[in-house]
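Protein chains in written order, with my numbering: chain A, 1 to 166; chain B, 1 to 635.
No lab work stands behind these hints: they were computed from the structure. Among these hints, one or two may not hold up.
[What the hints assert, rightly or not] Mimicking BS3-like on lysine-lysine, the simulated pairs with C-alpha atoms at most 25 Å apart in a straight line are:
no.: 1; chain 1: B; residue 1: 221; chain 2: A; residue 2: 38
no.: 2; chain 1: A; residue 1: 47; chain 2: B; residue 2: 412
no.: 3; chain 1: A; residue 1: 11; chain 2: A; residue 2: 47
no.: 4; chain 1: B; residue 1: 221; chain 2: A; residue 2: 157
no.: 5; chain 1: B; residue 1: 221; chain 2: B; residue 2: 238
[Unchecked claim] Some, not all, of what chain B presents toward chain A, calculated at C-beta under 10 Å:
no.: 6; residue: 142
no.: 7; residue: 146
no.: 8; residue: 216
no.: 9; residue: 226
no.: 10; residue: 230
no.: 11; residue: 237
no.: 12; residue: 277
no.: 13; residue: 281
no.: 14; residue: 282
no.: 15; residue: 295
no.: 16; residue: 299
no.: 17; residue: 303
no.: 18; residue: 304
no.: 19; residue: 308
Glycine included, each C-beta is placed from N, C-alpha and C at the ideal position.
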Amino acid sequence: MSKILVIDPEKCTGCRLCEQVCSVKHERVVNPYRARIKVVKWEMEGKILPVVCQQCEDAPCAAACPGHAIARNPETGALEVNYTLCIGCRTCMNVCPFGAMGFDWVENRVIKCDLCGGDPQCARFCETGAILYVDKSELSSLKQKKGAESLMDLMTKVTAAITQAG
Amino acid sequence: MALSRKIAYIDLTNRRVRTAPIPLEMRRRYLGGRGLDMYLLYNHVKPGADPLGPDNVALVSAGLLTGTLASASARVHIAGKSPLTGLVGSANMGGFFGPEMRLAGFDHLVITGKADGPVYLWIHDGEIEIRDASHLWGHDAHQTQTLVRDELGDDDIQVMTIGVAGENLVRFACVMTSLKNAAGRTGMGALFGSKNLKAIAARGRMDIKIAFPEEALDYNKEIITQVTSAKVSKTMQKLGTLFIWGTTNSTGLVRVRNFQSNQIPHADDIEPESIEEEMIGTAGCFGCQVHCRGRYFIKKGPYTGAYVEGPEYTSLGAFGAEVGCTTKQTVLVGNHLVNTYGLDTLETGSMIAWAMELFEKGILTTKDTDGLDLRFGNDEAVIEAVHQIAQRRGIGDILAEGPLKAAEKIGKDAIKYLIHVKGMSNLHSDERPTPALALNIATASRGSDHLRSRPAIDLYHLPEKVLRKIFGNPVPYDGPLTSDYRDYEGKPWEVLWQEMCYETVDCLGICKYHTVFLGPNMPNFSEWPKLIYLNTGLEFTPKDLWDIADRAYTMERLFNLREGLTKEMDWLPDRYFDEKTDRGLPVVRGKSIDRDKFRKMVDEYYKLHEWDENGQPTEKKLKALGLENEPTHKL
Numbered sequence: 001m002s003k004i005l006v007i008d009p010e011k012c013t014g015c016r017l018c019e020q021v022c023s024v025k026h027e028r029v030v031n032p033y034r035a036r037i038k039v040v041k042w043e044m045e046g047k048i049l050p051v052v053c054q055q056c057e058d059a060p061c062a063a064a065c066p067g068h069a070i071a072r073n074p075e076t077g078a079l080e081v082n083y084t085l086c087i088g089c090r091t092c093m094n095v096c097p098f099g100a101m102g103f104d105w106v107e108n109r110v111i112k113c114d115l116c117g118g119d120p121q122c123a124r125f126c127e128t129g130a131i132l133y134v135d136k137s138e139l140s141s142l143k144q145k146k147g148a149e150s151l152m153d154l155m156t157k158v159t160a161a162i163t164q165a166g
Numbered sequence: 001m002a003l004s005r006k007i008a009y010i011d012l013t014n015r016r017v018r019t020a021p022i023p024l025e026m027r028r029r030y031l032g033g034r035g036l037d038m039y040l041l042y043n044h045v046k047p048g049a050d051p052l053g054p055d056n057v058a059l060v061s062a063g064l065l066t067g068t069l070a071s072a073s074a075r076v077h078i079a080g081k082s083p084l085t086g087l088v089g090s091a092n093m094g095g096f097f098g099p100e101m102r103l104a105g106f107d108h109l110v111i112t113g114k115a116d117g118p119v120y121l122w123i124h125d126g127e128i129e130i131r132d133a134s135h136l137w138g139h140d141a142h143q144t145q146t147l148v149r150d151e152l153g154d155d156d157i158q159v160m161t162i163g164v165a166g167e168n169l170v171r172f173a174c175v176m177t178s179l180k181n182a183a184g185r186t187g188m189g190a191l192f193g194s195k196n197l198k199a200i201a202a203r204g205r206m207d208i209k210i211a212f213p214e215e216a217l218d219y220n221k222e223i224i225t226q227v228t229s230a231k232v233s234k235t236m237q238k239l240g241t242l243f244i245w246g247t248t249n250s251t252g253l254v255r256v257r258n259f260q261s262n263q264i265p266h267a268d269d270i271e272p273e274s275i276e277e278e279m280i281g282t283a284g285c286f287g288c289q290v291h292c293r294g295r296y297f298i299k300k301g302p303y304t305g306a307y308v309e310g311p312e313y314t315s316l317g318a319f320g321a322e323v324g325c326t327t328k329q330t331v332l333v334g335n336h337l338v339n340t341y342g343l344d345t346l347e348t349g350s351m352i353a354w355a356m357e358l359f360e361k362g363i364l365t366t367k368d369t370d371g372l373d374l375r376f377g378n379d380e381a382v383i384e385a386v387h388q389i390a391q392r393r394g395i396g397d398i399l400a401e402g403p404l405k406a407a408e409k410i411g412k413d414a415i416k417y418l419i420h421v422k423g424m425s426n427l428h429s430d431e432r433p434t435p436a437l438a439l440n441i442a443t444a445s446r447g448s449d450h451l452r453s454r455p456a457i458d459l460y461h462l463p464e465k466v467l468r469k470i471f472g473n474p475v476p477y478d479g480p481l482t483s484d485y486r487d488y489e490g491k492p493w494e495v496l497w498q499e500m501c502y503e504t505v506d507c508l509g510i511c512k513y514h515t516v517f518l519g520p521n522m523p524n525f526s527e528w529p530k531l532i533y534l535n536t537g538l539e540f541t542p543k544d545l546w547d548i549a550d551r552a553y554t555m556e557r558l559f560n561l562r563e564g565l566t567k568e569m570d571w572l573p574d575r576y577f578d579e580k581t582d583r584g585l586p587v588v589r590g591k592s593i594d595r596d597k598f599r600k601m602v603d604e605y606y607k608l609h610e611w612d613e614n615g616q617p618t619e620k621k622l623k624a625l626g627l628e629n630e631p632t633h634k635l
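Taking the hints into account, I'd like the entire structure generated from these sequences.
The structure is reproduced here in structure tokens:
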């Protein structure tokens, strides 16, 4: 079994605790700009979307890496950068469709989510459930439940409207 | 690390910036935030300075733990001599500005003088630039943030700004960041406006080093669980501070039609659950899991489509009970307007409610209001009054002066109807049935104020054993403590204890909802030393923190006394003594404050503080706190 991060933007309150704990876990400092996750906000419009690596099955970053430096950790399922092989070309950053490959200007290297070795701090701290760390076998039912909830909500409203209309 | 952050002296008149380190000794004496600001206030503002003149100083600060792995450490504090009261000006806010200013390298800004035209400060990675803000002047608090981000080409910039109210020197204008975070009270927005300072923008990439990262992560998780497992937090996560209304109005502890009743009936539309129907969710400040900021879109009227955050409990009173209105549309729009204009919602609502009572009594007439029908419950008039105050039009120009100056201008008996202490209006709460809360507003250092020393858990009827556990630490207390909120006995100690509690978190940069404010099991003096140690490596005992808070609060007292505070000003409006509550539960009905008992409470409060009978800290007390030689000009 392997686990994966699941993001639900609707549950995100935009507090950026995930960025904070991520940077402490990896760099031992609070510095959201060195975190592997970022809560992108369109603040004045009320839109929020956390961005983090999807650990793609057919990952563009790994495929495009000329040094073959990005490989999957068999234990956690995370795609990790092997810095002894990395040549620092940042091609991975260019090809990632999610913008989830970051660059740490302090260490002068690309950075990405490594699932904290199997205990991702973002999910540990996010109490709203906007970031969950779930087994892949749970993914379908998680989505099905969410879909069912919104459908049920809609049906309740429709029923209420019909009843009200007599 | 956090302790390496600097202080910047920004002289707007000569457009000069000087930076300096903050000596560890000053950290140990004041921590940071409000505490160190109070030192700076006493040391940098000339006695008797005009609050709106260039001699006043605008102080902006991060708390010692702002931005660190201390949950809800998002706060930034603003201080100066208050344009509203002429006494301590002090307000803090959450959002994201505080942490960003630290990431940009600064903990304290001391802004002096006056720019010869509109400016804003741009703080980034250890640098501070004074930039032209002519193109920002006239824009509201939301637009300004977007304009600054666009101009500097970076959406991650955090901006604190004044709206039009601050530009127009409305004496209760606030400083805003994000959608609704406001350093609301005491007119810090007017202070910014008087210096031609429109905004401060910050963006930083400098590490905040955590002393013990793994342990700090674990302890942060522990604190978060402690906070969010409390029922009060779970309710706040859903309704924000609105939830308080359910209890206070049904009990009979709110101000209605200024101060004419203590419970508003037939107000289902403004019940929290009704407003919740409009909400699309809640938002959190930096690193906070309580996320108490409501989020909604306005669905009808001229502001249709506007995205708004809030409203807070305070706005329910300001645009509801106080002004005799019971429609949520008025609350939602009123909240939006004060956020964009940059007005203190509390003072705005209170000023309008007061004007409405004057209108009812015939002290103000349509002649004075240019035809504005200021009848209680007139929703349109309330909204129009907000515009007039911010734009300083019509009667709004007078109300914009704040309680005492407006009362003087209106004359007659106007002052009799004001619900204020020291020139600052009270929350929409009615403290006649609750002597502890009444003592809190009468003695708070910045005027009538529920966030300086309100022992809100006094309302919970907690067993005496629990009260002893909370109020008996870190300083032993063996005097009376009672579970009955109608009692006068033992309450002065609760007020003093709460003063120290709030002062401490204001020095640390932590939100009060992470303290013993609304939940008896919330973090307290026993948790903070470990939190400070794991994040910064600095060691304090709970008693050390108490003494620091005491020192900072005493500085506030010294400043107030220097600027004209008298014993008579630690007192309530006559109406608290002379008029009885007329509604609510039987336990709160027919209540007023007893003058003699209240006098005794104030005296006891002074004594517990080791102040003399005139409220002046004794020499012995000053020496114990190391304040006998202030001002010492160490920073």
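Structure-based check of each hint:
1. B/221 to A/38: holds, 20 Å
2. A/47 to B/412: With a Cα-Cα distance of about 51 Å, the restraint between residue 47 of chain A and residue 412 of chain B is violated, given a limit of 25 Å.
3. A/11 to A/47: This hinted pair holds, its Cα atoms lying about 11 Å apart.
4. B/221 to A/157: violated, 39 Å
5. B/221 to B/238: holds, 21 Å
6. 142: Constraint on residue 142 of chain B satisfied, holds at 6 Å.
7. 146: holds, 6 Å
8. 216: Interface hint status for residue 216 of chain B: holds (7 Å vs cutoff 10 Å).
9. 226: violated, 13 Å
10. 230: Status violated, d = 13 Å.
11. 237: holds, 8 Å
12. 277: violated, 12 Å
13. 281: holds, 7 Å
14. 282: holds, 6 Å
15. 295: Cβ of residue 295 of chain B sits 6 Å from chain A, so the hint holds.
16. 299: violated, 14 Å
17. 303: Not OK, violated: residue 303 of chain B not within 10 Å of chain A, min 14 Å.
18. 304: This hint is violated: residue 304 of chain B lies away from chain A, its Cβ roughly 15 Å from the closest one there, beyond 10 Å.
19. 308: holds, 9 Å
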